[in-house]
Amino acid sequence: MQRYATEQKIPLHGSGSKVLLSMTHPIKADIIPVFNYKNKSLSPSESAPVHIKIYRQGINGQKPLRRIIPTGIEVKEFEWESSTGKVNLKNPNAHHINKVLRDFISGIEDFEYRLINSGQLLTDENLNEYLKGLTTGQESFTSFFRNEIDPALKRGTRKEHHYTYNLLCEFRPNILFADITLSLIQEFDRFLRNKGLAINTIYKHHQHVNRFLRLAGIKGVFTDTKNPYRHFKLRKTQGNRVNLTPEELKRIEQLQIIDAYPELKLVHDLFLFSCYTGLRYSDIATLTLEHIIHTPDGPCVVKTMEKVPKPVTLPISLLFGGKPLQIVEPYLKHAAAGKPIFKTPSNQHVNRQLKVLAVMAQIQMRLTFHVARHTFGTLLAELTQNPYLIMDLMGHADIQTSMIYIHRSQERINRQLRNVQWNLF
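Be aware that the sequence shown starts at 1, since it is given in the working numbering, and climbs by one per residue.
Don't take each hint at face value.
The calculated DSS-like cross-link candidates involving lysine-lysine, where the alpha carbons are at most 30 Å apart (straight line), are [claimed, not checked]:
1. Lys355 with Lys195
2. Lys132 with Lys226
3. Lys154 with Lys90
4. Lys250 with Lys323
5. Lys53 with Lys63
6. Lys40 with Lys53
Hints in this document: simulated from the structure, not taken from any laboratory.
Predicted, not measured: the structure shown is a model, and the values here were computed from it.
Starting from the given sequences, assemble the full structure and let the hints guide the process.
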């Protein structure tokens, strides 16, 4: 669709002379995605390329602009909607492909608007320069980072990506792809350390930058072999897995929460349910009736974990003498199909309520919801000493993660053994 202006005239710089163009003429090019523009006869199993078509009629003696630009994207005919110029949901990557096309078109449109504002038209020559810039690193990595933050990601992940983006802008307002070198990454690392950020926080910011550089490589706007993270060693320290002792857990369990504080009672139940199942806050918040499977040994929770895409089976009637089943049963009576069993507040609000529970139970540590998961792993290690059982119940992708709980449990055993008086006679 061509866009028209109505009143004023703008100066256009032609070859050697400046002319005034009435804004009643269309000066904005049509930029649309087209499928199989050569009209090749296709079978249902064949794919055809998607191109970007650019057209603008000739103005003031200048020749029309007609371009067909390859995108490198191929889809099948039944996956393409000609009416909307988009890939439909029959293609499993539809959202990603449509975003790539949309961003490609938006980039050309933004470039054209900058030309118009400076009194120029989009031409074959400057369009070639723009496209050349996409592959030679003259485009802004900072802008690419901002534009590629996927709105389909979970809110917490988007928030982390925006945090990294803000730090990049603070470090250097506009970083071009051509600026991406090992020296720049080392400078960014020093910048993060000088801000006093923790080692693991710095590690995560580097991970985010590397993620978007690899994405730029996939999209062809950056040469992956130039990625400095191939030579920059990311540093990470072992996280401090804080857990409750059995005595502390018992004190929390024995708290009597009166009905006048229903939200505090809910958080109390959520935290204990996590201590006895190892489920993260996000996994509990999305738990529905469909995840409760009845077996000869009693109800089980069968759920795909958020961070590791594999289903975990938790026999809640067998774990810790059936305590998790006792906690969830009252909520099951009022749960509706397809709806969360627990009406959970936000994770931040839950952690604020946990501070109240910590005071009530005389717990000195900083109590957060993730302490419950570590408590579950530690208790399993002390009771079973079986890393493979821990791996299965906690949904770990790597046995080494499960072994951390075994090692920590062994340290406690060794500490106790050192205090034993071995004089038998």
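Task: Satisfaction of hint between Lys90 and Lys154, Cα-Cα up to 30 Å - done: 23 Å, holds
Task: Pairwise hint evaluation, Lys226 against Lys132, where the allowed Cα distance is 30 Å at most - done: Given pair Lys132, Lys226 holds - Cα atoms ~17 Å apart, limit 30 Å.
Open item on the list: Next pair to validate is Lys40 with Lys53; report whether the Cα-Cα distance is within 30 Å.
Closed with: 17 Å, holds
- [ ] Starting from Lys250, check that the Cα of Lys323 is at most 30 Å away, please.
- [x] 12 Å, holds
Task: Distance restraint between Lys355 and Lys195, which requires alpha-carbon spacing of 30 Å or less - done: Cα-Cα ~28 Å, so holds.
Task: Agreement of Lys53 and Lys63 with the hint, judged by alpha carbon distance not exceeding 30 Å - done: 17 Å, holds
In summary, this structure violates none of the numbered hints.
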